[in-house]
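Those protein sequence lines, which keep their order, are chains F and E. First residue of the first sequence? That's 53 in the numbering used here, and the numbers climb one at a time after it. First residue of the second sequence? That's 418 in the numbering used here, and the numbers climb one at a time after it.
Keep in mind the hints are simulated off the structure, nothing from the lab. From a predicted model like this one, the values you see are computed outputs, not experimental measurements. Backbone N, C-alpha and C define an ideal beta-carbon position, used for all residues, glycine too. The reader is advised that the hints may include incorrect statements.
[Said to hold, decoys possible] The calculated lysine to aspartate or glutamate pairs, modelled on DMTMM-like cross-linking and capped at a C-alpha distance of 25 Å, are:
1) E/645 to E/667
2) E/547 to F/77
3) E/547 to F/69
[What the hints assert, rightly or not] Ranges between beta-carbon positions, derived for each pair:
4) F/76 to E/421: 46 to 56 Å
5) E/518 to F/76: 45 to 55 Å
6) E/459 to F/113: 28 to 38 Å
7) E/450 to F/72: 42 to 52 Å
8) F/77 to E/423: 50 to 60 Å
Here is how the chains run, residue by residue.
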Amino acid sequence: MKSEPEVRTHLARWVAERSRSVQAEEISGNTPILERRLITSVQVMDLILEIEQLSGRSIDVSRLKPGVFKDIDTIYRNFFGGPSS
Amino acid sequence: MKEDTARLVEKLCIASQGDFGSPYEFAWPDRLPEDAWHFSPELLSTAGTPAGERLSPEETRRLSFFEAVNFFSLNIHGERALLEGLAARLYRDDLYTPYLHHFLDEENKHMVYFGTYCLRYAGKIYPDRKMALPRDYAEGEEDFLFFARVLLFEELVDVYNRRMALDERLHAVVREINRMHHRDEARHLAFGRRIVAELFERHAPGWPAEVLGEVRRSLPEYVLATWKEYFNPDVYRDAGMLGPHDVAREAFASDAARARRRDVSGPALRFLVSAGVLEQEPSL
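So here's chain F without its partners, still in its complex pose:
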């Protein structure tokens, strides 16, 4: 599995490629990726698949709390072994 900085960089690049309005370097850990509409609701499904592949674990959306995809800090905490928010 990738290290924490590698996962964060990967996610920032992934979001930037889809948003086309920001560069990966402009996306920090607390950039609100949904609120700023950097990705659409349809792309959340792709994000889930990307997180599954990176973490090696399946995600059951029906069990998720609201806001888990708010920003990269929150995604990292919830899906890559850190304490849940």
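Dock chain E against chain F, hints included.
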């Protein structure tokens, strides 16, 4: 409410009272034969793709079982959202409650046989990956989007149902589930097309240009998201295929899958164009 829709609803209610499929009379075998087919080979998500061509006939047959479980699972998730949305709209005087009752009743019954197949033969239902993000809506926009998404979802499913109900290669249980679902869905689609056109006619003239633009952008996106659910990495993993996420991405992007999306989604999208909802048929 429009008079011609009210007349259609009256006819659909009569039809539903006299012709609905009961999931409780189903003859469920304890287990299905090892060599049974569960999904038409030409409709498999990997049909015509490099990943599909690498599979032996035996591996393809095995994949057909997990694709059927996925197809029925995504029907369960779609119908669960549909039940919630329909229940929330009962007894509104601007909708058609008598038919919404039949709609709810029939969708609930569909979930019984989809769920029974998944749990009895696979021991699971694949999880849902679709997530609705909360947002504000213009007047009538949420109702319109709800019924438009329901219609798109059901139109796609119905193409699969119709083809698989007639596919003699499939196990009788699978054919029967597809046949029963199509029987009720034919009525739901007639209602769906009418209510979508009516709600658009009623509300769209009052929407600011940016709302109409967002509606026109979001519906093709919804269709694409729905299609992505047909390319489920969990299915490929269960079927023993290596690199399931890569298989999903490559199969989805293949020319064969794109052609299948055009073929299956075409009638629903052309209906939305003819109703003025979309300006042109989107490329999928």
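Outcome of the hint check:
{"no.": "1", "hint": "E/645 to E/667", "in the structure": "12 Å, holds"}
{"no.": "2", "hint": "E/547 to F/77", "in the structure": "28 Å, violated"}
{"no.": "3", "hint": "E/547 to F/69", "in the structure": "21 Å, holds"}
{"no.": "4", "hint": "F/76 to E/421: 46 to 56 Å", "in the structure": "54 Å, holds"}
{"no.": "5", "hint": "E/518 to F/76: 45 to 55 Å", "in the structure": "51 Å, holds"}
{"no.": "6", "hint": "E/459 to F/113: 28 to 38 Å", "in the structure": "30 Å, holds"}
{"no.": "7", "hint": "E/450 to F/72: 42 to 52 Å", "in the structure": "51 Å, holds"}
{"no.": "8", "hint": "F/77 to E/423: 50 to 60 Å", "in the structure": "58 Å, holds"}
Violation of the numbered hints given earlier is confined to hint 2; every other hint is satisfied by the structure.
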